[in-house]
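There are 2 protein chains.
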Amino acid sequence: MRLTHTLQAAALHHGGRIATVYGARTRTYADVLSRVARLAAGLRGMGAEPGDRIAVIALNGDRYLEAYFAIAWAGCISVPGNTRWSEAEHAFALENCEPRLLLVDRAFAALGQKLMSHAPDRIVYLDDGPAPAGLHDVETMIAANDMMADCCTSGDALAVIFYTGGTTGHSKGVMLSHDGLIVNFLAMNLVAPYGPHPVFLHSPPMFHLADAAAIIGITIMAGTHVIVPGFDPAVVVRAIREQGITALVLVPTMIGMLDAYVRENGADLGSVRELKYGASPISVALLHRALEMFPNARFCQAYGQTELSPVATILPHEWHKTTGPEARLLRSAGRAIPGVEVRIVDPDMNPVPVGSVGEIAVRGPNVMLGYWKNPDLTAKTIIDGWLRTGDAGYMDEQGFLFIVDRVKDVIVSGGENVYSAEVENALAQHPTVLECAVIGVPDPKWGERVHAFVRFREGATASEEELIFHCERMIASYKRPRSFTIRTDPLPLSGAGKILKMELRKPFWADHGRSVG
Amino acid sequence: MRLTHTLQAAALHHGGRIATVYGARTRTYADVLSRVARLAAGLRGMGAEPGDRIAVIALNGDRYLEAYFAIAWAGCISVPGNTRWSEAEHAFALENCEPRLLLVDRAFAALGQKLMSHAPDRIVYLDDGPAPAGLHDVETMIAANDMMADCCTSGDALAVIFYTGGTTGHSKGVMLSHDGLIVNFLAMNLVAPYGPHPVFLHSPPMFHLADAAAIIGITIMAGTHVIVPGFDPAVVVRAIREQGITALVLVPTMIGMLDAYVRENGADLGSVRELKYGASPISVALLHRALEMFPNARFCQAYGQTELSPVATILPHEWHKTTGPEARLLRSAGRAIPGVEVRIVDPDMNPVPVGSVGEIAVRGPNVMLGYWKNPDLTAKTIIDGWLRTGDAGYMDEQGFLFIVDRVKDVIVSGGENVYSAEVENALAQHPTVLECAVIGVPDPKWGERVHAFVRFREGATASEEELIFHCERMIASYKRPRSFTIRTDPLPLSGAGKILKMELRKPFWADHGRSVG
Chain A
0 MRLTHTLQAA ALHHGGRIAT VYGARTRTYA DVLSRVARLA AGLRGMGAEP
50 GDRIAVIALN GDRYLEAYFA IAWAGCISVP GNTRWSEAEH AFALENCEPR
100 LLLVDRAFAA LGQKLMSHAP DRIVYLDDGP APAGLHDVET MIAANDMMAD
150 CCTSGDALAV IFYTGGTTGH SKGVMLSHDG LIVNFLAMNL VAPYGPHPVF
200 LHSPPMFHLA DAAAIIGITI MAGTHVIVPG FDPAVVVRAI REQGITALVL
250 VPTMIGMLDA YVRENGADLG SVRELKYGAS PISVALLHRA LEMFPNARFC
300 QAYGQTELSP VATILPHEWH KTTGPEARLL RSAGRAIPGV EVRIVDPDMN
350 PVPVGSVGEI AVRGPNVMLG YWKNPDLTAK TIIDGWLRTG DAGYMDEQGF
400 LFIVDRVKDV IVSGGENVYS AEVENALAQH PTVLECAVIG VPDPKWGERV
450 HAFVRFREGA TASEEELIFH CERMIASYKR PRSFTIRTDP LPLSGAGKIL
500 KMELRKPFWA DHGRSVG
Chain B
0 MRLTHTLQAA ALHHGGRIAT VYGARTRTYA DVLSRVARLA AGLRGMGAEP
50 GDRIAVIALN GDRYLEAYFA IAWAGCISVP GNTRWSEAEH AFALENCEPR
100 LLLVDRAFAA LGQKLMSHAP DRIVYLDDGP APAGLHDVET MIAANDMMAD
150 CCTSGDALAV IFYTGGTTGH SKGVMLSHDG LIVNFLAMNL VAPYGPHPVF
200 LHSPPMFHLA DAAAIIGITI MAGTHVIVPG FDPAVVVRAI REQGITALVL
250 VPTMIGMLDA YVRENGADLG SVRELKYGAS PISVALLHRA LEMFPNARFC
300 QAYGQTELSP VATILPHEWH KTTGPEARLL RSAGRAIPGV EVRIVDPDMN
350 PVPVGSVGEI AVRGPNVMLG YWKNPDLTAK TIIDGWLRTG DAGYMDEQGF
400 LFIVDRVKDV IVSGGENVYS AEVENALAQH PTVLECAVIG VPDPKWGERV
450 HAFVRFREGA TASEEELIFH CERMIASYKR PRSFTIRTDP LPLSGAGKIL
500 KMELRKPFWA DHGRSVG
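Protein chains in written order, with numbering that gives the first Met the number 0: chain A, 0 to 516; chain B, 0 to 516.
Okay, chain A solo, but in the shape it has when bound:
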């Protein structure tokens, strides 16, 4: 199977149907297919060869969707960049994957030019023209080329590299295949199906697999992609009303923000039939409000990670009960989707008994090909086909998975993963900092908030503002600490000399149900 074929089939079967809506611009599947095949020719004409990486740094847009397909059509590999990254983080990823070309929109044109030295030969301007000096205009490329034949890269071949934050301080390139991505959608759709002709709202960032998976899935369904630049409650509410959105993917934080907006402004969200969410469970209170907001929607929680293409388990609508004995399942991440195996293992990868906490391991066609240019880390992460998720959890006797905590020390803030190690590495480079530790603490808006413990060097000190400013130069803004505890005592250590984060977390989580692992 291959990504480009999903578009070809949609264009053959429903060529006149609206494929993309972006602002006032709509394009049919026949249009998009033609543009994709011509853009692919343009990319090849600029020197991209089959197997080359092509990076994209852009806000959501219809051209972003086209870029995913055109890059595959040309036989190349997409590398979507996180739009919130710092220049240094982009530079690292580009030097790691060495893309031949870089595609940027208006918002990232200046950044793209600064990044030129880090790899790409040329930059394509993926926006309404004219292109800034030195950049190649995408519409000119599309207009200048005939449709080329699809390269038909398919099956187990590498399709996309998604960079994800790493515990070691650097992001890693997760390599996903055509088959892995497509089978994951087919299997997920069996448990939580889209209705006919979905009209899907892309408000989460397209560089994230949570949204990119819907680019593939909704194309398989020959549905309509309604694209907005990013998540904003007012924009989402308006898009739902004006476009008759039937399906969307959100994280609970976004549902909470929507709820706050709708309470104040009102909204008719009755067109939504399917609402998928992930990154964290939904609380009973928020689910109640969400069910009021989306009276006709079937709710579905998905658990997974980029390394899993991305879904491992699904909690479908029928288990979203707020009362009765089955209400306990609302805190679970559901059960493995068809073809995917989930088990809980000890550090030696041996299965633990039902109900015992261990690391969640996953095997199946959705497991990534590996980390780009990192065979050592790949070998540590995939053992005999089982992917170590780094998440801790347990499974009940009916196969429901309950996530307890992140083994790898990840903070999930507003749906974004923040790896403590990255923030700690940044903080530790401030000259006044002797030692530091970063944890997630409960936050009413973001689910978790990045909180830092800092101990200054003898005689030195810095304001919180200084520390934040320091971090923001090194890491994305959403990763920076939002609150601090300044300590004069050493941080508590385990026998092995590791900081006992459990101890640090306890006071913050005392009144919350979450384990402090």
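Keep in mind that the hints are not guaranteed to be accurate.
[Said to hold, decoys possible] Covered by chain A, according to a simulated footprint, are these stretches of chain B (three or more residues, beta-carbon under 8 Å):
| id | region |
| --- | --- |
| 1 | 180-191 |
| 2 | 332-345 |
[What the hints assert, rightly or not] Quick list of the computed label-pair ranges, beta carbon to beta carbon:
| id | chain 1 | residue 1 | chain 2 | residue 2 | range |
| --- | --- | --- | --- | --- | --- |
| 3 | B | G44 | A | S355 | 50 to 56 Å |
| 4 | A | S355 | B | P49 | 45 to 51 Å |
| 5 | A | L492 | B | G46 | 56 to 62 Å |
| 6 | B | A142 | A | P346 | 36 to 42 Å |
| 7 | B | I382 | A | A378 | 57 to 63 Å |
The set of hints was computed from the structure by calculation and includes no laboratory data.
For clarity, every value in this text was computed on a predicted model and none was experimentally measured.
Cβ atoms here follow ideal geometry from the backbone N, Cα and C, with glycine treated the same way.
Chain A is fixed; fit chain B onto it per the hints.
Okay, now just chain B, sitting in the frame of chain A:
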């Protein structure tokens, strides 16, 4: 992915749910899992090693389903035998695939013993005991063994060899993989989904992939398998009423037989939600009657063949319209399912224009691994990943596939190609015609002549002149039947419910060189 995991997941998620119903015997998924893992140990104890073939010759039964899973669990390969074959045909297949073991039920115990010399070391008696002398009793094996660990054969590995009739006179062993079978179900289910907790009636033979695919699919859905020994209208009607059957697979011939039975005896078939049929399109007349019989069913036509695991295209319920311009689609086989590519090619495998007749070629994850021990035929059948189906058809501009006839079965009369399906479709619409079949017979003037077999409805009749006049109003004159055989007995059917044209041709071609395949 692997077949055994579908059973493991059903047992984990729905261990207490009824998995199989056979006569008065019901077993839960937990029971079936336990029996399968112990039977696998028993098979291994009798000398079967991973990679060995294990043949099965039996009528439908709950143990047949268990055998499919147990053979895979033991790391071996299932070879289901056609129960309508002659001893010589069985002997050919067994010598071709050299199974280590042969599993037979009561009906085939004697045949099994006669076949001993053709390969298997031992025979297992897959029926209620005691086993005849010399055969090993399956229940004794299950009782004597503990559950063994699943061998976890999976992915691209060979899972089942299905022998299919060949136009060259010998059957061929079609090799199908775990992934091919499972992905085919996931993709088909996206277009024509089963509802929650299907209760499926296995009345077509389990040795045929049309039914075996449902063994896999319904297990993925953790549905209930209701199994009857074979197709019989009275048995089917009773099973639907007593077991609340929600889903079944039939061929139009069987739907016609059911209709005749229900007209005479009456029946409430309202529990059926999904009715899938294949092997040939359904006529408007029969569809009308079927919609009356199954008032709550969604109809779905599937086209494919064993070599395609087995489905390539689906005509879903929404295209089953009997009036209006879209009624023409009722004669089509629908469109390619996700991940599967269908094209019409000329003899050099080049695509032909939209609307032109050519050979149907298919590419995708469902294409067989090849023919067992027949690399030459495999190389002729799969060209650059495209499987030549041997069927002729054309595709319209929206991707709807219309099957014209078997390429190898075309009647060449006076230099004109006559596709028998067209003639049969015309004849079948005459009100007196219950069933019919059209073949080419030798003709001194035209080379071949169009000859029709006709069986009239109870109490009805028509002259040859009337039938010819009727056909000439619907199809070109050269295509009309030139001669007739009026039958009072049913036409001979294959195990898959297809009319055995080979049998019909034999007497006409006895003194001629042409193959009657």
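Cross-check of the supplied hints:
no.	hint	verdict
1	180-191	holds (count 6)
2	332-345	holds (count 5)
3	B/G44 / A/S355: 50 to 56 Å	violated, 33 Å
4	A/S355 / B/P49: 45 to 51 Å	violated, 32 Å
5	A/L492 / B/G46: 56 to 62 Å	holds, 59 Å
6	B/A142 / A/P346: 36 to 42 Å	holds, 39 Å
7	B/I382 / A/A378: 57 to 63 Å	violated, 38 Å
Of the numbered hints listed earlier, those contradicted by the structure are 3, 4, 7.
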